[in-house]
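Engineer: Residue strings, one per chain:
There are 2 protein chains.
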Amino acid sequence: MSDRMKRRELLGAVAGAAAATTLSACGKNDEAPKGVQPPVQSSETFHWKMVTTWPKNFPGLGTGANRLAELIEQLSGGRITVKVFGAGELVGAFEAFDAVSRGTAQIGHGGAYYWKGKIPAAPFFSAIPFGFTPDEINAWFYKADGVKLWHEAYKPFGLIPFPAGNTGPQMGGWFNKEINSLEDIKGLKMRIPGFGGEVLKRAGGIPVTLPGGELFQAMQSGAIDATEWVGPYNDLAFGFYKVAKYYYTPGWHEPGSAMEAIVNADAFARLPKDLQLIVENACKIVNLEMLAEYTARNQQALQTLVEKHGVQLRRFPDDVLKKFRELTLEVIADVTSSDPMAAKVWASQKAFLARVRKWTNLSELSFLKARDEM
Amino acid sequence: MSDRMKRRELLGAVAGAAAATTLSACGKNDEAPKGVQPPVQSSETFHWKMVTTWPKNFPGLGTGANRLAELIEQLSGGRITVKVFGAGELVGAFEAFDAVSRGTAQIGHGGAYYWKGKIPAAPFFSAIPFGFTPDEINAWFYKADGVKLWHEAYKPFGLIPFPAGNTGPQMGGWFNKEINSLEDIKGLKMRIPGFGGEVLKRAGGIPVTLPGGELFQAMQSGAIDATEWVGPYNDLAFGFYKVAKYYYTPGWHEPGSAMEAIVNADAFARLPKDLQLIVENACKIVNLEMLAEYTARNQQALQTLVEKHGVQLRRFPDDVLKKFRELTLEVIADVTSSDPMAAKVWASQKAFLARVRKWTNLSELSFLKARDEM
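These protein sequence lines are chains A and B, in that order.
Heads up, the first sequence is in full-length UniProt numbering, so the first residue is 1 and it goes up one at a time.
Heads up, the second sequence is in full-length UniProt numbering, so the first residue is 1 and it goes up one at a time.
Bear in mind the hints are in silico, worked out from the structure with no lab data behind them.
Certain hints may be false.
Said to hold, decoys possible - To give a feel for the contact side, a few chain A residues facing chain B, derived at Cβ under 8 Å: (1) 188; (2) 255; (3) 277; (4) 293; (5) 299.
Claimed, not checked - Far from chain B by the CB rule (all over 10 Å, computed), these chain A residues: (6) 55; (7) 71; (8) 135; (9) 157; (10) 182; (11) 183; (12) 223; (13) 238; (14) 241; (15) 251; (16) 291; (17) 310; (18) 331; (19) 338; (20) 356; (21) 370.
We put the beta carbon where it would ideally sit given N, CA and C, even for glycine.
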């Protein structure tokens, strides 16, 4: 028993007799219903560390992790404190998963697709090519099997994952030359990770994996011909407009990338129920707010890129997109044929996607086409 | 001073001396940083009433109000209780605004466009024809001037509004005959409220205002020729497929209707800071969850409507949509010319919409077109 718990017992002994009379007087001007139990709230405090896959304070992503820590502290009235570490401060960016798994930190913030080497199903919880929009993946997460399957996939690692952010639809990337046909993909050296990189490879390109901080120089030196990153908000900050002329749409490979919080299962189990709910729901708030931030900042940054820096916007040709779609299904078939958990997750996602796409086409796509000319 | 506050003082007197040694031991296995203050949380309780504009437990909307009450209770550890009243239980649906304004209830849940008679700017905080998608209005609310302007508009009524739900893009409505040109709008008696109704009127139609519960019979008896309601999820439950053959898209008049929570300003001021944050953030969680629910349920209901009930999907002709767009700008010009607050809100929304539309077209619209054929 902690000293703080002893303190609670002390309170109980002293104040217990007065409790019954206290109840009907509480709440000042707001009428108190009869027979309501007084709130029993542990005042035990928890001091958590958060590791992230983002550079400290990185706009949108790193600041989203900061916001999650702030919300957990605020909503818990300070009963949970969260100290945030940027990538490399406590552990390296891609060591966040292991650090939370072994309890070096109690919570982490990152993207599920970073863990595909450990968990082949992981990318399905962030973004797959031609997959969900942000609103669709949230529907699958919260109102279908998404979060349930995600918990199942991470359970062997002692981790509890929660959706905790979304970048919105990303851009297709920065290119030094125009892409007019599949011929232009052949031999193209492009920084593009995950399933998208595998698709590019099967289309004849050369996918390269590089951390964000090295992309500008790799483009400048000609080590790579093209790179994707996120969208206007983050891409403007990296200055890619100085080293590439064409900015391509759509972000076929990441149409609405979900971010994650991962919580050490033992640390979570030690929290009283109300604090568990606060952690879980703080993640939902960051999920909402991060998408709002990306939507608001992307439109501002897009205007700057086009009007101030003269960036040329281009759309991938239909036959290139068609080929990418076909290859995506091949890549997914390969991943799911060798991993039962990935197969289970894709079965759920595929069925949901098939139906929700019809609704999105009928509603959002139909509306956006009509509004386009207003 | 309440009895409960006295109880806190009692705790302070008894446990005060032990506090310094308590701090470093709390949190069990999680390391406690030095110099952290113990959380000081009021245990005072507040008993709130929530009035709503929805029939009790109405799917999506009424259940969203229930969820908001549940979240406030859970996240506050029971320090706020919220008793939910459906429309007509404590006050009528459209008396919710006044009831919360005068403090009969501490909180309300509804849609801002219901209050346009009192506040001409109100519809801009829910949905206007050819306006924001759900993700766009959230960006304007949280990361631009939206919530700030909303607070300003409701302040004279002693109310603090928060976004608290979204239905997603709605449908264009149920029609007994096909709409092939503007000629088919002339003389059409349609249930469509708000700015959408005004647009229909200027296009030669006859807008009718009726509560949801009367729509089925009005369609069946031929008293009206057409009706909009929400989308597949809610429209299936009302059985409109039995009395109308054609289901039209897009929902040009409500492309992403935001719902609201309104809080009595005095009741809010009486809450300690951490409970104020819990109320504000519980609204954000419902905002996220309600859209996820509508997205998940709409796609299921759409399948049922089309495959089981043989509903015919139709799209409004381009020239009809074009005329509706033009008339929308006329309606908005009239509203804003006579009300300075509406003019201020529209100025903010118009500027944001002009830019964010470009981003949405480049990202989401471009992606949805590419995915459409997958």
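Engineer: Does residue 157/A really sit off the interface, with its C-beta more than 10 Å from all C-beta atoms of chain B?
Structural biologist: Nearest chain B Cβ is 19 Å from residue 157/A, so the label holds.
Engineer: Does residue 310/A clear chain B by more than 10 Å, comparing its Cβ with all Cβ atoms of that chain?
Structural biologist: Residue 310/A clear of chain B: closest Cβ-Cβ about 16 Å, beyond 10 Å.
Engineer: Determine whether the non-interface label on residue 370/A survives the test: each CB of chain B must be over 10 Å from its CB.
Structural biologist: violated, 5 Å
Engineer: So residue 55/A supposedly isn't at the interface. Is its beta-carbon more than 10 Å from every beta-carbon in chain B?
Structural biologist: Holds: least Cβ distance 21 Å, greater than 10 Å.
Engineer: For residue 182/A, which was marked as not at the interface, is the minimum beta-carbon distance to chain B over 10 Å?
Structural biologist: holds, 15 Å
Engineer: Is the Cβ of residue 338/A more than 10 Å away from each Cβ in chain B?
Structural biologist: holds, 23 Å
Engineer: Would you check whether residue 277/A satisfies its interface hint, that is, whether its CB is within less than 8 Å of any CB in chain B?
Structural biologist: holds, 5 Å
Engineer: Per the stated criterion, does the least C-beta distance between residue 291/A and chain B lie above 10 Å, as a non-interface residue requires?
Structural biologist: At about 6 Å from chain B, residue 291/A fails to clear the 10 Å cut-off, so the statement is violated.
Engineer: Just to be careful: measuring from the Cβ of residue 255/A to every Cβ in chain B, is the smallest value less than 8 Å?
Structural biologist: Constraint on residue 255/A satisfied, holds at 5 Å.
Engineer: If we take the beta carbon of residue 71/A, is the closest beta carbon in chain B still more than 10 Å away?
Structural biologist: violated, 7 Å
Engineer: May I ask you to check that residue 331/A keeps its beta-carbon over 10 Å from the closest beta-carbon of chain B?
Structural biologist: Holds, since 13 Å exceeds 10 Å.
Engineer: For residue 356/A, which was marked as not at the interface, is the minimum beta-carbon distance to chain B over 10 Å?
Structural biologist: Non-interface label on residue 356/A violated, nearest chain B Cβ at 4 Å vs cutoff 10 Å.
In summary, the structure is inconsistent with hints 1, 7, 8, 15, 16, 20, 21 from the numbered list given earlier, while agreeing with the others.
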